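Q: The residues making up each chain are set out below.
Protein chains: 2
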Amino acid sequence: MSEADNQLSHVKQLAIVGVGLMGGSIGTGLRLAGFSGKIIGVGRRRESLDIAMRHRCVDGVTTNLGDAVRDSDMVIVAVNLGVFAQTFQCIAEHDHDGLIITDVGSTKMQVVADARRHLPDVSRFVGAHPMAGSEHSGPSSARPDLFANKTCIITPEADTDDDAAQTVAALWRSLQMRVIFMSPKEHDEKSAAISHLPHAAAAMLVHIANRIGGLEIASTGFRDTTRLASSNPPMRADIMTANRDALLHALDVLEQQINTLRGALSANEQDKLMQWLEQAKRTRDDWADSV
Amino acid sequence: MSEADNQLSHVKQLAIVGVGLMGGSIGTGLRLAGFSGKIIGVGRRRESLDIAMRHRCVDGVTTNLGDAVRDSDMVIVAVNLGVFAQTFQCIAEHDHDGLIITDVGSTKMQVVADARRHLPDVSRFVGAHPMAGSEHSGPSSARPDLFANKTCIITPEADTDDDAAQTVAALWRSLQMRVIFMSPKEHDEKSAAISHLPHAAAAMLVHIANRIGGLEIASTGFRDTTRLASSNPPMRADIMTANRDALLHALDVLEQQINTLRGALSANEQDKLMQWLEQAKRTRDDWADSV
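Chains as they are written, first to last, in the working numbering: chain B, 1 to 291; chain V, 1 to 291.
Rather than coming from a laboratory, the hints here were simulated on the basis of the structure.
Source: prediction; values computed, not measured.
Warning: the hint list may mix true and false statements.
One copy or two, it doesn't matter: identical chains are merged, so the pair holds either way.
As a list, the in silico BS3-like pairs of lysine-lysine whose alpha-carbon atoms are at most 30 Å apart [what the hints assert, rightly or not]:
no. : residue 1 : residue 2
1   : 185       : 150
2   : 185       : 272
3   : 281       : 150
4   : 12        : 272
5   : 12        : 150
6   : 281       : 38
Isolated chain B (complex conformation) (with noise of 0.2 Å):
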């Protein structure tokens, strides 16, 4: 038996809040895992919940999360971020000693803040955000193989519970994950640098070219740099509103960085663009290199 399995034998039951692509595949995931709870997914449409059954992402599925709370020792809030705070009312409304609750969100500020407003006992309360996706949605796309080999980023803070991070820290290494530790508020800078402006600068650059034309000369260069331009916009809103600060400092470093592009051109100054280009080439060839 590994330290995971271990540490996860006392999770007799698991209810996990939104069966879509992230929910459905923890399940799945941690079924093939040997997981040896119970697994309950929970959600507000009997559709989804039927998928998840048919694609065995769930042992059970129920509409009503307050007996799902109840009857759980660990709860994974995987709603979209528009809905944490209503579902940590109705955890808190059904809380046990024991309980750990944990989350899939794509911001950590916001999710803890709502977490310390609504819970009663908020250091059973560990933010998680394993950092994996796919284009596609619904448990009907679910994988056990999504987390696998990908990073997940646990978010305890001060007043945490030891025992329920090392729990959830656990949970996501089963899943193949690798976990790294660090605040909400490092998390939120750190993926509004490296998630969320990108998201926004492809959104930025197909409005461009719509508008300066060019499109239908465009090729794999455009298709790359805006691919994230296709996500989903209701849940991509949602991101960018919860980390509006990060995301308003990471837009004034791009401007910063235009400034310098427009002053090395405007100036005609060839060696400072040519660096320029060159330590950018150099940072993402190391980065791509190293993972």
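Since chain B is already given, all that's left is putting chain V on it; use the hints.
A: Just chain V now, with coordinates in the frame of chain B:
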């Protein structure tokens, strides 16, 4: 015999100046397409010429551009943008009646201006930009199908000889390219929007991630969005400098986009943010479906 073959049949010898990825692929591609003339590779480095011969990109090689020009019916300039002017100067010294001159440069206004400045009869110069490439370079990466099913933009002007333009179009069509005609100015403005700005944005995103931090948690979205930052810096610097005005304009439009997003975020205008994201997704999905 196809129309393209017919229009190329009077080209008894073709000189390709610069036998890198592009020049080499033109040679090996024309051979596969049944081009009947002799193909001469012209270069400054003996080593590249030897590789081009070994890879059967060309029938013969020389380091003497003058000799090659004198004996050819058509010259394709496939060197770096930075050495176009001196290449045109040398071609001018050995120019002769009926010689057709074309190129593969990624920007067109500066190339056409250089041609006007240096060539004795610019009516026989036809600017071209085959929109194909690879992250690899050099004649050892040459592929006969590099251009297949891609777009080639040809930029004749009012005083361009029509036969010359049609012969150049026939050349690219024989390599299975879709040929589009536009003015050098239109080419450069559209290229700034769909290629040069995306290259710049990719470099900016790498610099920003390096500054704010987060590379250790960056994933596939970051990888795709920044792929162009790994391009060859001297080549990109030459292109950005050659297309300075159009790129500066595109940077202005990028700043407008930043202000649009910043405004929607700061004022918490969720509807406006959603609309902005949805419009980008629709434009990009429609484009991706159409190519």
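Q: Each hint should be assessed against the structure and marked as holding or not.
A: For each hint, the structure was consulted:
no. : hint         : verdict
1   : 185 with 150 : within (21 Å within a copy, 46 Å between copies)
2   : 185 with 272 : between (34 Å within a copy, 26 Å between copies)
3   : 281 with 150 : both (24 Å within a copy, 26 Å between copies)
4   : 12 with 272  : neither (61 Å within a copy, 45 Å between copies)
5   : 12 with 150  : within (26 Å within a copy, 58 Å between copies)
6   : 281 with 38  : neither (48 Å within a copy, 39 Å between copies)
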